[in-house]
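J.: Residue-level listing of the chains:
There are 2 protein chains.
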Amino acid sequence: MEEKILEEQIYELIEKRQFSKLRSLLEDMNAADIAELFEEVSDKDVTVIFRILPKELAAEVFVEMDSDRQQLLIEAFSDKELREVMDELFMDDTVDIIDEMPATVAKRILKQTDAATRKMINQLLAYPDDSAGSIMTTEYIDLKKDMTVEDAFDRIRKIGTDSEQIYTCYVTDRSRHLLGIVSVKDLLLNSKDCVLKEIMDDNIIFANTLDDKEDVAGMFEKYDILALPVVDKENRLVGIVTVDDAIDVMQEEASEDIEKMAAILPSEKTYLKTGVFETFKARIPWLLFLMISATFTGAIISSFEDKLTKYAALIAFIPMLMGTGGNSGSQSSVTVIRALSLGDIEFKDIWRVIWKELRVSLVCGVILGVVNFIKLYLVDYLLLHSFDSAVVVAEMLTVCLTLVFVVIVAKLVGSILPILAKKIGFDPAVMASPLVTTILDAVSLIIYFGIAAQILGF
Amino acid sequence: MEEKILEEQIYELIEKRQFSKLRSLLEDMNAADIAELFEEVSDKDVTVIFRILPKELAAEVFVEMDSDRQQLLIEAFSDKELREVMDELFMDDTVDIIDEMPATVAKRILKQTDAATRKMINQLLAYPDDSAGSIMTTEYIDLKKDMTVEDAFDRIRKIGTDSEQIYTCYVTDRSRHLLGIVSVKDLLLNSKDCVLKEIMDDNIIFANTLDDKEDVAGMFEKYDILALPVVDKENRLVGIVTVDDAIDVMQEEASEDIEKMAAILPSEKTYLKTGVFETFKARIPWLLFLMISATFTGAIISSFEDKLTKYAALIAFIPMLMGTGGNSGSQSSVTVIRALSLGDIEFKDIWRVIWKELRVSLVCGVILGVVNFIKLYLVDYLLLHSFDSAVVVAEMLTVCLTLVFVVIVAKLVGSILPILAKKIGFDPAVMASPLVTTILDAVSLIIYFGIAAQILGF
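Same order as they appear, the protein sequences are chains A and B. Residue 77 is where the first sequence starts when you use our numbering, and the numbers rise one by one after that. Residue 77 is where the second sequence starts when you use our numbering, and the numbers rise one by one after that.
Isolated chain A, as found in the complex (with noise of 0.2 angstroms):
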């Protein structure tokens, strides 16, 4: 509710063009908060706006925008105000704003910096886009082993502001090995002239610049830390990766597994921030797969067309099995594929997955075949009087019996795919519902057609 009267009264400020008030409203403010008032604001406003904001949380603020407003107030900047929000910033949060940017844009910031900071961006955008070092961040503390405790405060004290992290710092020697690391809390609770050596942790986690930054995420789950160091390949230390930066990672990874899943192809954008033209994009290529593969079960039908026709009855629970049949194997799929992202499942499990999948199964198919042929004789046949009586007990025992099969196939098709997939080095995500579903389709009604044969003589 507070929070409503103030974006009342922050708006209209704005409109009235109070800046001093509407400056010392913002200066109390998150920067976050301030970003997200920003969205309702007019585009020739915002660059208004944003330069009576004090140079440190303008910066903040800047960060947190999406990146057409950045474009935008970046093309209103003077020279010398695109390098006073430059030098705020920390590298990595440079390096993903000039990612974003159209290249003369690009150009144009780099031209703000000095040399040695222009090869340092340079050399952080050339890691590739799901790697570790795209999410480092290369100002961190930096200690030395035979430093005391003493030493090390005064280092912190020294270059602490310029940190992203001053909580870890690392302990290196000459040539950049990482030998260990010392947490403030450590610092801290050690005498003040206590060496480096004596009370640094020599047992370090750490990520190489090229592994994926969906393992490194992984890392901050598995050993709660703040921070991760990064190596390069002779092992020298090269920068750390944050714990906010590994939470937006996870936060990506889980949209991006729940946007393929559904068969979309992942977007970084929010929903709303996303045009028409990209999201038709990201959604037509497989809607035109699937839609296009559906003919194999097209085809099944038809060549069943003359014999459907005699036993017109099953043409009605063509639907439902099918769809019981997808649903069995995205529920398997699903969960096999949130367990591989999470590590809780390798290849090596397979035996185990299949093993527990088949009694799953078979419990699930008995029960819902017993279920529905119940329901098929209080309702269909009682009810609706949908089956030609003639052959109703033969006919409900194929539609019975294809449902336990389908659900069986169904849930190890859907369980195996995805870890064969991952193993084969596809993304298991893809394998999920839909791609199982299309082929689920297809076996369902092999099955079913296949039954009645052998039962309604076909």
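Read the hints as simulated data drawn from the structure, not as lab findings. One should not assume that every hint holds.
Remember, identical chains collapse to one label, so a pair may be satisfied in a single copy or spanning two.
[Said to hold, decoys possible] Dumping the calculated BS3-like pairs for lysine-lysine here, alpha-carbon to alpha-carbon at most 25 angstroms:
(1) 261 x 273
(2) 261 x 220
(3) 268 x 234
(4) 349 x 120
(5) 221 x 261
(6) 187 x 156
(7) 273 x 131
(8) 80 x 309
(9) 261 x 234
(10) 273 x 234
(11) 499 x 349
(12) 432 x 357
(13) 498 x 424
(14) 131 x 298
(15) 345 x 183
(16) 156 x 195
(17) 349 x 424
Here the structure of chain A is known, so what remains is to put chain B in place on it, guided by the hints.
T.: Frame of chain A, contents of chain B only:
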């Protein structure tokens, strides 16, 4: 590779009962890794090996184990051993463990704690499962506003060992009202005799004990914080949530959403640790519901049976039309659900969502319709001869027009339902794929037969 060798070595040492060598190996390892190793070790061996670990490490390993193993160990512990482990644990971990244990074991644990701790544990246990209170810890650094930086460091040194998070400190008044926040970074970068009220940040981000833990986790993502203070109804500070627990909540919630979207009842255990019967129980309710609800699609088809046997070619396209409808709908519903849970859209955005989905679905529908017409002509008509040639164009038109309308309806239903569900207090994730698909299956058929009636004079 190295990891594998270490593992083998450890298993060998266990087998050979070389405990002193084993101890020196384990001492250098991380608690999370040891707990993972223990998963493959027999129950009997674990109770033996656990006792050779140094006390503090033992407690850390204990926290990382799953609850079955924890229970096993507790039952094997003497009262003294139990007290030793419990003494090393942070309050939030103690509460989590007690929460998972059967009543008799929980009672035994509580017996080993002093009256004050027991009271605190019982208070924490009383918070609802999905609340901020249920994930907070009560061990934090509290400071007073008249303290100097030096006083603050003294207090951190005094109570820091027992605090889960020391880098954000909380300035409170006598009745524990939160006045401000001081980070250790602020303390380090200011001179020793600075008074806290001068440097503390009084623009505090906080949560209430009964806030939804998912919202709390979202605040960590938005504000990039390491800990969040939690206050009670009287605005008194009662605990803090640390970033590692927020990460666990995020991953749990993402898994839960994914499970619900795949028509599975969410579970808290990992895949391989969930028993066959539990997995069955999580999957069968939706399978049964969706199977029974497919009666509607069956009934719709049955009622058009006579006409379908006349235009038999149309039967073959039922799976394709229902499939495309289902896929289109779940693309929209899944995207909207994820956006809702990340806070990217709210109820007030419903018109923007509808307007966007309308345009996207129009483009998708028309393209799918046109491509399908070409495919029908080239493949089904010329190649497979699956059309009754007398009314071939009419039949093809029926299929393609249905496609256009089905995609539009599917995307609108898929995007609107989750938003409405959330508005009236239901879980939007449950509205996803399976339920939306079932509704769309029936709608697709009605559109199909409706258009067929117009064009073919059904």
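J.: For every hint, state whether the structure bears it out.
T.: To see whether the hints hold, each was checked on the structure:
1. 261 x 273: both (15 angstroms within a copy, 23 angstroms between copies)
2. 261 x 220: both (17 angstroms within a copy, 20 angstroms between copies)
3. 268 x 234: both (17 angstroms within a copy, 15 angstroms between copies)
4. 349 x 120: The answer is within: 19 angstroms in one copy meets 25 angstroms, while 56 angstroms across copies does not.
5. 221 x 261: both (17 angstroms within a copy, 22 angstroms between copies)
6. 187 x 156: within (11 angstroms within a copy, 67 angstroms between copies)
7. 273 x 131: Between. Shortest inter-copy distance 23 angstroms satisfies the 25 angstroms Cα cut-off; intra-copy 39 angstroms does not.
8. 80 x 309: Between copies only: 21 angstroms across chains, 52 angstroms inside a chain, cut-off 25 angstroms.
9. 261 x 234: both (18 angstroms within a copy, 12 angstroms between copies)
10. 273 x 234: Close inside one copy (21 angstroms) and across copies (24 angstroms); limit 25 angstroms.
11. 499 x 349: between (35 angstroms within a copy, 22 angstroms between copies)
12. 432 x 357: Only across copies: residue 432 and residue 357 sit 14 angstroms apart there, 38 angstroms inside one copy, limit 25 angstroms.
13. 498 x 424: Only inside one copy: residue 498 and residue 424 sit 12 angstroms apart there, 40 angstroms across copies, limit 25 angstroms.
14. 131 x 298: between (37 angstroms within a copy, 21 angstroms between copies)
15. 345 x 183: Classified as within; 24 angstroms inside a copy, 50 angstroms across copies.
16. 156 x 195: within (21 angstroms within a copy, 60 angstroms between copies)
17. 349 x 424: between (42 angstroms within a copy, 16 angstroms between copies)
In the structure shown, no violation is registered for any of the earlier numbered hints.
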